[in-house]
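Chains as they are written, first to last, in the working numbering: chain U, 209 to 510; chain V, 209 to 510.
The reader is advised that the hints may include incorrect statements.
Identical copies look the same in the list; a pair holds intra-copy or inter-copy alike.
[Unchecked claim] Each computed EDC-like pair below joins lysine to aspartate or glutamate, with the alpha-carbon atoms no more than 20 angstroms apart:
{"hint": "1", "residue 1": "K449", "residue 2": "E254"}
{"hint": "2", "residue 1": "K296", "residue 2": "E267"}
{"hint": "3", "residue 1": "K449", "residue 2": "E379"}
{"hint": "4", "residue 1": "K296", "residue 2": "E413"}
{"hint": "5", "residue 1": "K449", "residue 2": "E476"}
Treat the hints as calculated values from the structure; they're not laboratory data.
Bear in mind that the values here come from a model prediction, so they are computed numbers and not experimental data.
Read off the chains here:
Protein chains: 2
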Amino acid sequence: MSVRNVAIIGLGLLGGSIGLAVKEHAPQITTTGYDRDPDVRAKAAELGLAGTICDSAQEAVREADLVVLCVPVGAMEEAARELAGHLKDGAIISDVGSSKQSVAEALTRALPGHTIIPAHPVAGTEQSGPDAGFASLFTNRWCILTPPEGANEAAIASLSEFWSALGANVELMDAEHHDLVLAVTSHIPHLIAFTIVGTASDLEEVTRSEVIKYSAGGFRDFTRIAASDPVMWRDVFLSNKGAVLEMLGRFTEDLTALQRAIRSGDGETLHELFSRTRTIRRAVIEEGQDDDRPDFGREDHL
Amino acid sequence: MSVRNVAIIGLGLLGGSIGLAVKEHAPQITTTGYDRDPDVRAKAAELGLAGTICDSAQEAVREADLVVLCVPVGAMEEAARELAGHLKDGAIISDVGSSKQSVAEALTRALPGHTIIPAHPVAGTEQSGPDAGFASLFTNRWCILTPPEGANEAAIASLSEFWSALGANVELMDAEHHDLVLAVTSHIPHLIAFTIVGTASDLEEVTRSEVIKYSAGGFRDFTRIAASDPVMWRDVFLSNKGAVLEMLGRFTEDLTALQRAIRSGDGETLHELFSRTRTIRRAVIEEGQDDDRPDFGREDHL
Chain U
209 MSVRNVAIIG
219 LGLLGGSIGL
229 AVKEHAPQIT
239 TTGYDRDPDV
249 RAKAAELGLA
259 GTICDSAQEA
269 VREADLVVLC
279 VPVGAMEEAA
289 RELAGHLKDG
299 AIISDVGSSK
309 QSVAEALTRA
319 LPGHTIIPAH
329 PVAGTEQSGP
339 DAGFASLFTN
349 RWCILTPPEG
359 ANEAAIASLS
369 EFWSALGANV
379 ELMDAEHHDL
389 VLAVTSHIPH
399 LIAFTIVGTA
409 SDLEEVTRSE
419 VIKYSAGGFR
429 DFTRIAASDP
439 VMWRDVFLSN
449 KGAVLEMLGR
459 FTEDLTALQR
469 AIRSGDGETL
479 HELFSRTRTI
489 RRAVIEEGQD
499 DDRPDFGRED
509 HL
Chain V
209 MSVRNVAIIG
219 LGLLGGSIGL
229 AVKEHAPQIT
239 TTGYDRDPDV
249 RAKAAELGLA
259 GTICDSAQEA
269 VREADLVVLC
279 VPVGAMEEAA
289 RELAGHLKDG
299 AIISDVGSSK
309 QSVAEALTRA
319 LPGHTIIPAH
329 PVAGTEQSGP
339 DAGFASLFTN
349 RWCILTPPEG
359 ANEAAIASLS
369 EFWSALGANV
379 ELMDAEHHDL
389 VLAVTSHIPH
399 LIAFTIVGTA
409 SDLEEVTRSE
419 VIKYSAGGFR
429 DFTRIAASDP
439 VMWRDVFLSN
449 KGAVLEMLGR
459 FTEDLTALQR
469 AIRSGDGETL
479 HELFSRTRTI
489 RRAVIEEGQD
499 DDRPDFGRED
509 HL
């Protein structure tokens, strides 16, 4: 049961990239797209982010056998509610949200009795909006499906096939575990980056222009992550509160221990940690999860 | 009074890059190099990191009118002591250390009465060792000189000219202020990156292989910084303790405030901060301090 018609609701970085990736990698699939912002719809039509850009969500989903909600996680429930009564029989409802337990609950509340298979492609950039999408965003990236217990096996297979066609590697995971894993690999890193960039820009003793000027010492990496979409990230933290607070607790414990090591001049503790973290980098590169060029290859572009 | 002979003590990423940058951008300057590790000396000779690789520091500095110490800040004093009695009259002693008050003190203790002008090129990659250097490392990067009060003006001018010739933009700063600025733009970002990578690799509920696999959510950026040289960074934190602890205090205060906002569901506070941090990124790019390609242009290399 292959997907033949996909409706993309929300045409920002993720939604737009799905449309472009389908066009490039799975042109046999028809796409319809909708965004509640008319300017975004106009831009999406201009850029060809979907085969047909519709003026209502209801129209966009009418023929779809897969609906992918690409809106901030806090807007999922409302976006899904609009579709009630307009969906094709047996349509799969999915999404691309970064937290999965709360999305599963929201979609189930909005569309009870429908086939809901939440998903999270672990891919993106710091940019957002309809201009930001590109067809290769999902190539060799992981897409995690978190089907609820007892979910329709054929629907899981169809959704897996869809993401594989877009170039992603598909993995199934329990939603609760997903939320814990992503709290560590994504949500806490973002929270820390937002915080340090905020701290640095609020100092009195060091001017903002100094912070920017000397950012090549490491700070500039954090500014990239801290440039991510504010609404999307606000919703992520509010919707994955439990796992984020849990992991934040671990992080601050560890940071306090390092603070103590610095205060007491305990170089051995610092050296031991810094040596261990180096090996993690190697594994990330060996697993194909990052660019192996020093400094992300900036040298060629600055 | 232009620099004509430079001695580079320590032939890792920074020392090697200075040698290569001189060869490319200022070939009229003669370079000698020394490293206390014989394997590094052999590698440096093979790679041509300096015109002459010497078997002792004393020999390397004999004819030098500029000596640049490129060793971890904790090793500066010992490295400088070895030079006492072997320096040319009027030779400028400088370095590339990331903290400047402690280095100024160490060099003054080791070489009293000499012309000491500490410096810090704000440039580097996560790699280290003699293989890691390249000639363009300093191109369009800032090099901060922190001359002590009453320092010889001609020596400051010569050192500025040297770094400008290597492609750097030179700035003068008070050592104390340098240490505060770099604590924010470099030392705390590194400390945070080391910590979160350590935290993530020590979890019981999330495996290390999951952390690596899903690192594209943001974590992988931190692994790059956390792959930096362990000895260099141990020494930075121990030598800039005051400013690092002060700035760490500000950071943890701000993080605690965000933690409270998440716990209480205060989306407005989160959104306000995340919107502000986005503008900092724009300034970093406008100032030419970072690559403007989304996701550091990884897409082309993965």
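Going down the list of hints, with the structure as the test:
1. Within a single copy, K449 and E254 get their C-alpha atoms no closer than 38 angstroms, and across copies no closer than 55 angstroms, so neither meets the 20 angstroms cut-off.
2. For the identical chains of this complex, K296 and E267 are intra-copy neighbours only, at 11 angstroms inside a copy versus 83 angstroms across copies, given an alpha-carbon limit of 20 angstroms.
3. With identical chains, the CA atoms of K449 and E379 are never at most 20 angstroms apart, being 24 angstroms at best within one copy and 44 angstroms at best between copies.
4. Taking identical chains as interchangeable, the C-alpha atoms of K296 and E413 are never at most 20 angstroms apart, the minima being 61 angstroms within one chain and 40 angstroms between chains.
5. Within a single copy, K449 and E476 get their C-alpha atoms only as close as 35 angstroms, which misses the 20 angstroms cut-off; across copies the closest is 15 angstroms, which meets it.
In terms of the numbered hints stated before, the structure departs from hints 1, 3 and 4, listed from lowest to highest.
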